[in-house]
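Work the whole structure out from these sequences, hints included.
So the protein sequences, as listed, match chains L and U.
Residue numbers for the first sequence follow my numbering, so the first one is 574 and each next one is one higher.
Residue numbers for the second sequence follow my numbering, so the first one is 450 and each next one is one higher.
No lab work stands behind these hints: they were computed from the structure.
This structure is a prediction, so every number in the text was calculated from the model and none was measured.
From the three backbone atoms N, C-alpha and C, an ideal C-beta is built for every residue, glycine too.
Hints are supplied without guarantee of correctness; some may be wrong.
With beta-carbon atoms standing in for the labels, derived distance ranges [said to hold, decoys possible]: (1) Asp490/U with Glu1005/L: 19 to 29 angstroms; (2) Asn526/U with Asp611/L: 33 to 43 angstroms; (3) Ile766/L with Lys523/U: 51 to 61 angstroms.
With a straight-line Cα cutoff of 30 angstroms, these simulated DSS-like cross-link-like pairs (lysine-lysine) come out [stated by the list, open to error]: (4) Lys495/U with Lys1070/L; (5) Lys648/L with Lys560/U; (6) Lys654/L with Lys567/U; (7) Lys732/L with Lys495/U; (8) Lys520/U with Lys1080/L; (9) Lys604/L with Lys535/U; (10) Lys535/U with Lys732/L.
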Amino acid sequence: MRNEEDRMKDREKEAQGLKDALSKANKEVEKLSRIKSDFISMISHELRTPLTSIKESISLVLDGIAGPLNEEQKKFLGIAKNNIDRLAKLITDILDMSKMEAGRITMRKRKLNVNELIKEVYASTKASVEQKNMEFSISLGTSVEPTWFDPDRIGQVLKNLISNAIKFNKNNGRIKISSAKENINNSWFVRIIVEDNGIGIPEKDIKNLFRNFSPLDTSMTRKYGGAGLGLCISKGIIELHGGDIWAISKPGAGSKFIFTIPIYKKDEEFSFLIEDSIERARRNESKLALIIFEVKDAKDRNEKVFNELEQAIKNTVRGPEDKITRYKNGEFLVIMAVTDRIGVMAIIKRIRERIKTALVFGISIYPDDTADKEELIEKAELDLRKGENSIIPQKILLIIDDEEGLTSMLSFRLKNMGFDTITANDGDRGVELAKKNKPDLILLDLMMPKIDGFEVSKRLKKDSDTMRIPILVFSALANKNTKESIEQLGAAGFIEKPFEPEDLISKINEVFKYV
Amino acid sequence: MDKKIVLVVDDDADLAKMLKVRIEAEGYEFMSVMDGKEMLDVLNIKKPDVILLDIMLPNMDGYSVLREMRKHEKYANIPVIILSAKEKKKMGDLFALEKVVFFMEKPFDTKELLEKIKISIGEKR
Chain L
574 MRNEEDRMKD REKEAQGLKD ALSKANKEVE KLSRIKSDFI SMISHELRTP
624 LTSIKESISL VLDGIAGPLN EEQKKFLGIA KNNIDRLAKL ITDILDMSKM
674 EAGRITMRKR KLNVNELIKE VYASTKASVE QKNMEFSISL GTSVEPTWFD
724 PDRIGQVLKN LISNAIKFNK NNGRIKISSA KENINNSWFV RIIVEDNGIG
774 IPEKDIKNLF RNFSPLDTSM TRKYGGAGLG LCISKGIIEL HGGDIWAISK
824 PGAGSKFIFT IPIYKKDEEF SFLIEDSIER ARRNESKLAL IIFEVKDAKD
874 RNEKVFNELE QAIKNTVRGP EDKITRYKNG EFLVIMAVTD RIGVMAIIKR
924 IRERIKTALV FGISIYPDDT ADKEELIEKA ELDLRKGENS IIPQKILLII
974 DDEEGLTSML SFRLKNMGFD TITANDGDRG VELAKKNKPD LILLDLMMPK
1024 IDGFEVSKRL KKDSDTMRIP ILVFSALANK NTKESIEQLG AAGFIEKPFE
1074 PEDLISKINE VFKYV
Chain U
450 MDKKIVLVVD DDADLAKMLK VRIEAEGYEF MSVMDGKEML DVLNIKKPDV
500 ILLDIMLPNM DGYSVLREMR KHEKYANIPV IILSAKEKKK MGDLFALEKV
550 VFFMEKPFDT KELLEKIKIS IGEKR
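Rendered as structure tokens:
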């Protein structure tokens, strides 16, 4: 019995050892892949630079700026120019490919209707298709619903398929793009087809189409210029969207390239959003904010309240990139907002204003290295219990400036950044408000009628209620003397007018760092 | 009327030479410098109507010089066209700097560049 147990332990140890070795090897591979990707990125820059000069010198001659050319000369230089463009495209593709291999390519997915994208791509490529005397049409399915995809990347796939269709065309060429909603194995997809009536692809080549550098057979490559990496990159992009891409073709009868993008069901969409947010946060593209609501009592599980809550947060997050997800996890209701720090502050403000419930809540912001969803939630719950990492107190800023336009503009901007603001348009009122509201920071203009900024500052520093409030002075007067007198006033900082809002914000943050 | 001035900031002397021919053929005055520091020096003497700026430059690179020029009221508003071998996707933050009107990936199309110069200096809307 004892032996049996020992043997079990040995085996477990051995397994653990193997697992560690494997994970170490994996990390090594990832590291190498990154080094390779960095190298290619650098090389790509180095290649583009001389290519630019080559292209420009050829263009100069070709455009007749260095003297007239005969038709023959024009033809040959035209070939050179086309091939430079091909080479440049290839460099871009290699860069994409290596990034894909290193797992460094991120899809910036948004919920959009793919039909809109098709229309856009159609409009932008129409001229180049028609230039080749080809017919170009689109047919958009009316039932196609909005779904999550990266418009730039899916656009890249469409353009690649169109350029292949142009390249492998024949007389009376036609290209048609169509979209439809389709059910495959109980899941819904948007299906997009790029169809041509070109030379087609032999059956034996179809399976190799989407592999690295598989430009059909070599004679075709020579005649038409290879398909290169485009299809391989397209496949990578579609797979990163959870879809599939394939081709149907007959030599002489044209080809159909078909790809799908999943349409998520409501509950699938939740998990998709969580996964996607974690993925993005992992790549440091955005911070993850988890807002956790602890439901102490079953009677507090009021759907209406939660809906209001979710709506309030939804109305607060800032851009189309920001996302809200809600799900239940044991005794916690979790609303996850993908936004940045400023977005988080705005959310907190909104919650405080609007939601009057007995719910305990906490907000946690996590760094980009949190990879696992469960781990994230667990950590957030723990933090909530300890009261750590939660609720960032709202800072109140008092703006004192006689220019009303400026105070209201600044106030608007700062409110959007999650600060609370009060404004005063003269010095007296400013001092009064400072005493009454005890702001965290005062933004003070120097040049004001009646009592000026220097005087305001002196009064504030004399009063025990306001003497500790940091002051940030702004002024159009920026000579050495003013700077010195400002220092004597004990101002925490100075910013010259006119200033960029970003500079002001960074000054404000700087002040808060030391207070 | 005075000729509009196009300032090229690029350490590739060959490219600058060729751009000179193009830009002068369009009837503009051409100036060129090799890096960001020289660009700031030139700006103190003459105000160009548009700047074609490379990113990877010796001494002071394109990012830094852009940030620097925005601080000076006198030339903060000069339109800038970025001409770079770096990928456009990485340039997102530069566009946020507002004064960048266009980005052109190297190798670029000359006709397109000339068009963008025209738009930048307000000869075309």
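Self-check item: Unmet hints by their number, sorted upward, for this structure
Solution: 1 and 7
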